[in-house]
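Protein chains in written order, with the working numbering: chain A, 3 to 358; chain B, 3 to 358.
Don't take every hint at face value.
All copies of an identical chain are treated as equivalent in the list; a pair is satisfied when it fits inside any one copy or across any two copies.
[What the hints assert, rightly or not] Okay, derived cross-link-like pairs now, DSSO-like style, lysine-lysine, Cα gap no bigger than 30 angstroms in a straight line:
1) 176 x 329
2) 120 x 190
3) 95 x 329
4) 341 x 46
5) 73 x 223
6) 223 x 279
7) 73 x 213
8) 197 x 73
9) 73 x 196
10) 190 x 84
11) 190 x 95
12) 73 x 190
13) 281 x 223
14) 73 x 329
Simulated from the structure, these hints should not be mistaken for laboratory data.
2 protein chains.
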Amino acid sequence: MIRISIDVMGGDYGPEATIAGAARVTEYLPNIYFLFYGLEETVKPVLKKYPCLASISCFCPTESYTRMDEKPSQALRNGRGKSSMWHAIEAVKNGEADVCISAGNTGALMAMSYFCLKMMAEAERPGIAGIWPTLRSESIVLDIGATIGASANQLVDFAVMGAGMFRALYHTEKPSVGLLNVGVEEVKGLYAIKKAGMILREVQLEGLEYKGFVEGNDIGKGTVDVVVTEGFSGNIALKTAEGTARQIGEILNSAMRSSFFSSLGYFLSRGAFRTLKHKMDPDRVNGGVLLGLNGIVIKSHGSANADGFASAIRIGYTMVHNGLLKKITADLRRFHQNKQTLFYKEDKATENEKII
Amino acid sequence: MIRISIDVMGGDYGPEATIAGAARVTEYLPNIYFLFYGLEETVKPVLKKYPCLASISCFCPTESYTRMDEKPSQALRNGRGKSSMWHAIEAVKNGEADVCISAGNTGALMAMSYFCLKMMAEAERPGIAGIWPTLRSESIVLDIGATIGASANQLVDFAVMGAGMFRALYHTEKPSVGLLNVGVEEVKGLYAIKKAGMILREVQLEGLEYKGFVEGNDIGKGTVDVVVTEGFSGNIALKTAEGTARQIGEILNSAMRSSFFSSLGYFLSRGAFRTLKHKMDPDRVNGGVLLGLNGIVIKSHGSANADGFASAIRIGYTMVHNGLLKKITADLRRFHQNKQTLFYKEDKATENEKII
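Okay, chain A solo, but in the shape it has when bound (with noise of 0.2 angstroms):
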C-alpha cells in the first residue's frame, strides 16, 4: 500500500484539482490510499463528488490553510500545526504517508518541509529536482531553485540523488550525469564546479556515469539523464526554456491565423502541433521533488489541473514503489564513505570561499 498526503487546498484551482487529479489516478494506480488536509467546508463537497475515493482515503480536516502570497517565514509561524500544508508534510514525517504532495506556495513547502522534515544526515542542503522533457525523452535537473550558489559537495550530493531519482523513475540502471557549466573544457567555469567534476570522476560510484560538463543546450538534447547546477542558475535555466517555448508557441499562433492558408495548413496539421504539444507540456512531466530530506515531499506547479496534478501523484507514488529514499541514503552513504578513502579533505571553510 502506498500512502500519499495530499495538501488539498494548494494551487491556483484548489480541491478542484488536487481531489479530481487523485480520483484520475486510481484507475491506473492500484494499491494507493490517500490523506487529504484542508478545511472542511471547501473540500467535502468537492470529496462527495468523486466516490471511488472513499474506501481509499480519508480526510483531516485542518484548520487553516498556506495562502499563496504567505512569505515563507511568515507561513511557517501561521501555518505550523495548522495549516493543510503543515499536516500533510507532518504525515510523512510520523510514518503516516509516505510521500506529501502540494501545489501550493513554493517557498512556504520547502520552508515547512525543511523545518518538520530536517536534513538526512547523509546531505548538506536539499534541492529541487525537476523533470525536464528533452529530445531523447525525459532528463532530471537539479537544483532548479531551492537554494542558492553550492559548493562541491553539494553538487555531488545532488549528482548522487538525482540519479537515484532517475533510476527510481526510468529503470536505468546506471543514468548518466553532467554538470552545468559554460563549457565542455575541463579548464572553464566556477571553482566549485570544476571541484565537484574532479569528485565525480575519482570516486566513481556504481549508481551513475558521470559525462562531464554540459551546456545549457545540452539540456533539451538529452545529452545526460541527470543535469546537475546549484539552484540560481538551475531556476534560470528552467524559466527561460519555459518563457523560449511561450514566445515560440505564441508567435508559431499568430503566425497561423495570419491567412486563410496558413490556417488551413495549421487544421490539416493539428495532429503534429499536438504532438509537440503533448511532448513538450509541463503537465505531463509535472513535479518538483524535493531531494536531501528525511521524507520525500513533491511540489506541482500551482496552475496544474487534474491531469497535471494527476502526474504529480503518479511521480511520488513511482518514486515510493521503487523505495527512492533508502536507495538514496545508501547511495550518499556508499558514496561519502569511498570518498573518505580517498582521502578527500573536506575543508569547508576554503570550500565556502570559493564558491564562486
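Since chain A is already given, all that's left is putting chain B on it; use the hints.
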C-alpha cells in the same frame, strides 16, 4: 565615413562568409570603408569576386590567423602582432578603424581585445552583450559569457553600458532595464543583485529606467529592453533558450513529416513557419558586442553565413554611427559621479566576499 576592420579568416566559412557579408552591406550602408585582415593566398581570390568592394576597402595581409581550437592564452602568445584577429583589433586601438568584427574563436577574441584595447577607465569588467529576439521586438542581454560572477558595481556598469547600446541601436530615449534574478520580490536572490538593484533605484539615471528584477521567462517576453546578469547565468540562459528553440524545431519538423495530411498542412502554412524562422533567426540579430573596453569589438556567430555576418556589420555600423563609445563613457562617468554624491561606500573587499 565609418571604418570597419574585419578579421576575414574567422568563423566556419572564413572569407566566403565575411567578405560576402561585407559586399552585401554596401547595398544599403553608405559611407563605409573596410580594412580586411587575413592570409593573402586565401583572401585575394575571394576579394576578386566582389569588385564592388575595390574602391571602399583595403586588404592588409597578415602572417597568420587564430584557429578556432586555440586556447585564449595560446592564441594570444601565437597571434600577438601576427594574426588577422590581432591586427583587426589593433586597427581600432590605433584609430584606423571604428569597430572590429570577427567570427573567430570567442575566447581568443576576448583575450586579445582585453589585452590590446584595455579596459575603459570608467568600467571594472568587460561584458558581452547579445541581442535577443523577443515577443515585443528585441532586447539586449548582458553579460552572456565574458566573465563569471559580478559584484553589484559591475552589474550596474553592465546596466549603464547595455542601456547605452540599446539607445544607440534602437533610438529609445530611456530603455527599461531589469536585473535577472530567481524572483521579482526585492528580498530574493544574490547579495550582489539586491545591492545592484538598490543602487539603480537610488542613483536615478537619465539614460535608463530601472524596472526591478526579472526572471528567465521575462527575457523571451521582452518585459524589459535590457536584461542585466553576470556571465555564468547569462550564458546558461542564452544556450538553454537556443537549445529549447532547436528542440521545438526538431519535434515539429518530424511531427510534420509523420503523415500525408500534416505534410500538406505544412506546405500550406509554410509562410507561418517562415515568419517564425525569421523572428527567431539568430543570424538576423547576429553579434555579441564586447563592452567596457576602449573600442568596440563585435563577435559574430562562428556559423554565420554571409547574411549573418552582414547583420553583425550592420550592428557595428549603427553603433558607431550613433556614437556608442562616447555615450557609454559619458554615461558611466556621470553615473559614478552621481553615485559618489550619494555617498555610496565602494568597499570592494566586502563586495567580493559577498558575491554570493
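Hints, verified against the model:
1. 176 x 329: Within. Shortest intra-copy distance 13 angstroms satisfies the 30 angstroms Cα cut-off; inter-copy 55 angstroms does not.
2. 120 x 190: between (35 angstroms within a copy, 23 angstroms between copies)
3. 95 x 329: So residue 95 and residue 329 pass the 30 angstroms test inside one copy only (18 angstroms; across, 60 angstroms).
4. 341 x 46: Close neither inside one copy (52 angstroms) nor across copies (59 angstroms); limit 30 angstroms.
5. 73 x 223: Between copies only: 26 angstroms across chains, 36 angstroms inside a chain, cut-off 30 angstroms.
6. 223 x 279: both (17 angstroms within a copy, 19 angstroms between copies)
7. 73 x 213: Answer is between: at 22 angstroms across copies they meet the 30 angstroms cutoff, but 39 angstroms inside does not.
8. 197 x 73: Result: close only across copies, 21 angstroms inter versus 35 angstroms intra.
9. 73 x 196: between (35 angstroms within a copy, 18 angstroms between copies)
10. 190 x 84: between (49 angstroms within a copy, 27 angstroms between copies)
11. 190 x 95: between (42 angstroms within a copy, 29 angstroms between copies)
12. 73 x 190: For residue 73 and residue 190, only the inter-copy Cα distance (11 angstroms) is at most 30 angstroms; the intra-copy one is 37 angstroms.
13. 281 x 223: This pair counts as both: shortest intra-copy Cα distance 13 angstroms, inter-copy 22 angstroms.
14. 73 x 329: The answer is neither: 33 angstroms in one copy and 42 angstroms across copies each exceed 30 angstroms.
Hints 4 and 14 from the list above are not met by this structure, while the remaining hints are.
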